[in-house]
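Trainee: Chains as they are written, first to last, in the working numbering: chain A, 2 to 378; chain B, 2 to 378.
One or more of the hints may lead you astray.
Taking lysine to any residue pairs in the SDA-like style, the calculated list, with each CA pair at most 25 Å apart, reads [claimed, not checked]:
1) A:Lys133 to A:Asp118
2) B:Lys347 to A:Val50
3) B:Lys347 to B:Glu307
4) B:Lys329 to A:Lys329
5) B:Lys329 to B:Arg306
6) A:Lys349 to B:Pro47
7) B:Lys231 to A:Lys69
8) B:Lys69 to B:Tyr34
9) A:Lys374 to A:Gly321
10) B:Lys329 to B:Glu307
11) A:Lys69 to B:Pro12
12) B:Lys190 to A:Glu48
13) A:Lys329 to A:Leu298
14) A:Lys329 to B:Ala245
15) A:Lys231 to B:Glu110
FYI, nobody ran anything at the bench for these hints, they're computed from the structure.
Protein chains: 2
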Amino acid sequence: MKDMIDIQQFPASHLPARILMGPGPSMVDPRVYQAMAAPLVGHLDPEFVRLMDRTQELLRYAFRTENKLAIPISGTGSASMEASIANTVEPGMPILICINGYFGERLAEMARRYGGDVTVINRPWGEVFTSKEVEEALKAKPAKVVGIVHAETSTGAEQPLAEIAKIVHNHGAILIVDAVTSLTGVPLKIDELGVDICYSGTQKCISAPPGLGPITFNERALEHMRRRTKPVASWYLDLSLVQAYWGPNRSYHHTAPITMNYALYEALRIVAEEGIENRWARHRANSEMFWEGLEDLNLKCLIPRENRLTSLTTIVIPEGVDDAAVRKALLDDYNIEISGGLGVLKGKIWRVGLMGYSSRKENILLLLAALNKLIYK
Amino acid sequence: MKDMIDIQQFPASHLPARILMGPGPSMVDPRVYQAMAAPLVGHLDPEFVRLMDRTQELLRYAFRTENKLAIPISGTGSASMEASIANTVEPGMPILICINGYFGERLAEMARRYGGDVTVINRPWGEVFTSKEVEEALKAKPAKVVGIVHAETSTGAEQPLAEIAKIVHNHGAILIVDAVTSLTGVPLKIDELGVDICYSGTQKCISAPPGLGPITFNERALEHMRRRTKPVASWYLDLSLVQAYWGPNRSYHHTAPITMNYALYEALRIVAEEGIENRWARHRANSEMFWEGLEDLNLKCLIPRENRLTSLTTIVIPEGVDDAAVRKALLDDYNIEISGGLGVLKGKIWRVGLMGYSSRKENILLLLAALNKLIYK
């Protein structure tokens with residue numbers, strides 16, 4: 002063990018200015034970095050409490066909801082995913098998870114770990130579910146909780162939700178929706194759709210650094226939670242405790258990540274200033290520009306236009322092109338990060354995020370030019 | 002629901018420059034704020050991977066350990082506490098928790114939630130355990146895991162550990178130690194003591210913002226973990242998955258909170274530059290200065306000198322002095338944050354942290370002067 006440490010071995014970090022066009026984290030508005038430079042205050046400081054209240058209000062705006070509970074979980078998007086499952090699933094409870102990609106699989110894995118009696122329905126990665134498929138699954142085996150992914154980060158597919166929400170409610174279940182890669186970038190109106198629980202991360206279309214997981218529960222979901230017979234196994238993610246801290250009582254639970262909350266507040270202010278409908282439209286317009294450019298380069302998208310996410314595009318890697326070599330050259334020569342495929346799509350697709358502050362015309366033009374050079378020249 | 006939002010209602014945050022002398026968060030070196038202003042890179046970026054490796058090395062230095070596993074959990078100190086419990090406790094497993102304050106109670110609560118067959122031994126809040134008490138408890142009922150708090154943030158007591166670690170090992174159990182309020186501020190040598198699992202938070206003596214929870218497991222603890230028959234209920238905190246991301250394979254698990262990791266790395270560089278023994282000595286010297294000042298003001302400490310933490314001092318509120326009024330005046334008039342008591346000590350003590358960057362002579366002099374004015378003038 003080192004009693005002394007050679008500090009020369011640990012230089013100050015000199016991080017390159019990457020152009021982040023992977024599936025997250027996305028780039029961050031300079032205003033958000035400035036907000037993070039504000040001095041720390043205590044987690045029960047009256048000024049922090051004010052910021053917490055305003056953040057909740059802005060999260061409601063982002064989710065398009067009047068839900069009382071709309072808070073950031075003190076962990077990344079995976080923590081808010083787990084909070085959704087941990088608080089709703091009890092041992093032996095029948096759960097239905099729809100899997101058409103990596104994150105659906107993760108939902109099922111979490112539901113099993115919390116003791117759920119998990120049924121899954123599958124679509125090939127990249128496809129989406131019809132409401133009929135969900136209905137048939139619920140008829141074959143009723144469930145109390147249904148989990149589905151709105152924006153499947155592993156495939157780039159957008160799942161239509163309106164009909165599914167109705168069917169889930171007709172069967173007396175609650176609907177959990179993963180909006181990690183869609184919230185504030187892709188049209189999503191929680192209340193209008195009837196989504197009971199929705200979660201996200203800060204580092205995608207919200208464009209704050211990773212570290213918080215926005216989540217919302219409606220009254221139906223809270224009622225489901227109140228009927229629990231056993232406490233949630235995870236103390237850290239137990240929303241009955243977490244909401245007592247975020248609610249009027251301010252009961253101490255854990256020390257909130259102060260600086261990350263500064264970042265989230267500023268990022269949500271930017272969302273509100275742009276206007277959420279305008280933000281959705283910007284994501285669409287920029288992605289359409291990107292898709293046209295891909296067509297010109299003779300590059301194919303994995304997902305058909307009607308289900309293609311406007312926040313994340315998945316490109317089929319052309320025959321004979323070296324996946325890793327192209328991504329390495331993008332990073333080394335141009336400081337551009339895009340991402341490869343996960344699971345069954347590893348080596349088969351590239352994932353390009355145009356989310357939040359990263360969704361900019363200059364980024365698109367640059368990436369198209371770089372891809373053209375690396376693939377064809 | 003608001004389709005438009007009145008942005009005037011959500012002004013940019015103007016946070017006051019607080020002098021943080023509560024039990025955390027503590028103040029942050031300006032270098033750490035600067036480090037957080039670095040642009041985001043991806044969580045699998047080669048530059049970030051390099052930073053992860055260096056951070057692990059510096060965490061080993063901070064813990065005084067050669068453990069392979071020494072990483073920050075992507076949540077606050079409470080998340081690293083839960084990771085310790087979640088990964089070691091299985092349903093029905095006999096667990097012993099030593100409770101002499103709020104955080105011992107939390108350990109027991111978490112162990113119960115993860116299905117442990119939990120036995121507790123109690124000392125009045127503010128006292129510490131003798132090794133004999135732990136031995137008797139283990140003789141009366143063997144346990145596989147023993148949890149104890151090194152630095153009880155609710156009372157200011159420091160728990161001696163050397164004898165207890167031996168006893169726990171003699172009984173074939175592993176020892177979990179809470180070092181949230183001691184790591185890098187109070188002498189603690191994990192390997193020398195034989196502590197199997199130790200966890201902390203970034204916002205105390207390490208003096209980074211809250212949001213990460215450093216944790217270390219030794220080989221004995223990892224072996225205990227490998228013998229599990231069921232997966233950890235919490236996917237997010239499952240160390241077998243987390244360590245695959247932090248280890249050489251870099252298997253994707255979750256998106257690390259990039260900016261918080263910049264902060265932690267810089268804060269740990271500062272620890273290494275100061276030298277850990279020097280840092281312990283500074284915390285002691287400054288706290289002794291503070292204690293002398295308190296004596297001069299005729300204010301009593303709750304904890305006798307021999308078990309008093311050098312990172313956190315608990316002051317008995319004198320008869321007739323209004324707890325809340327004094328703390329409010331400290332905050333409103335002088336921007337000083339100290340904290341009240343928790344649980345049975347609510348209204349009875351003040352908690353004053355002198356941790357990391359907050360442990361400075363100017364802060365001490367100021368707080369003593371302010372207390373003098375508010376109590377006696």
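Trainee: Give a verdict on every hint.
Mentor: So, going through the hints one by one against the coordinates:
Restraint check for Lys133 of chain A and Asp118 of chain A: satisfied, since their Cα atoms lie roughly 22 Å apart, inside the 25 Å limit. Using a Cα cut-off of 25 Å, the hinted pair Lys347 of chain B and Val50 of chain A holds, with the two alpha carbons roughly 21 Å apart. Pair hint Lys347 of chain B plus Glu307 of chain B holds up; C-alpha atoms about 24 Å apart against a cutoff of 25 Å. A hinted pair counts as satisfied when its Cα atoms are at most 25 Å apart, and Lys329 of chain B with Lys329 of chain A does not qualify at roughly 55 Å.
With a C-alpha separation of about 28 Å, the suggested pair Lys329 of chain B and Arg306 of chain B falls outside the 25 Å cut-off, and the hint is violated. Distance restraint check for Lys349 of chain A and Pro47 of chain B: the Cα-Cα separation of roughly 22 Å lies within the 25 Å cut-off, and the hinted pair is therefore satisfied. Under the criterion of a C-alpha separation no larger than 25 Å, the hint pairing Lys231 of chain B with Lys69 of chain A is inconsistent with the structure, at around 36 Å. Distance hint between Lys69 of chain B and Tyr34 of chain B is unfulfilled; the C-alpha atoms sit about 29 Å from each other, more than 25 Å.
For a cut-off of 25 Å, the pair hint linking Lys374 of chain A to Gly321 of chain A stands: about 15 Å separates their Cα positions. Restraint check for Lys329 of chain B and Glu307 of chain B: not satisfied, since their Cα atoms lie roughly 31 Å apart, outside the 25 Å limit. Using a Cα cut-off of 25 Å, the hinted pair Lys69 of chain A and Pro12 of chain B holds, with the two alpha carbons roughly 22 Å apart. The straight-line distance between the Cα atoms of Lys190 of chain B and Glu48 of chain A is roughly 38 Å, outside the 25 Å bound, and the hint therefore fails.
In summary, the hint linking Lys329 of chain A to Leu298 of chain A is supported, as the alpha carbons are separated by about 20 Å, within the 25 Å threshold. Distance check on the hinted pair: Lys329 of chain A and Ala245 of chain B sit about 22 Å apart at the alpha-carbon level, within 25 Å; holds. A distance of roughly 13 Å separates the Cα atoms of Lys231 of chain A and Glu110 of chain B; the hinted pair therefore holds under the 25 Å criterion.
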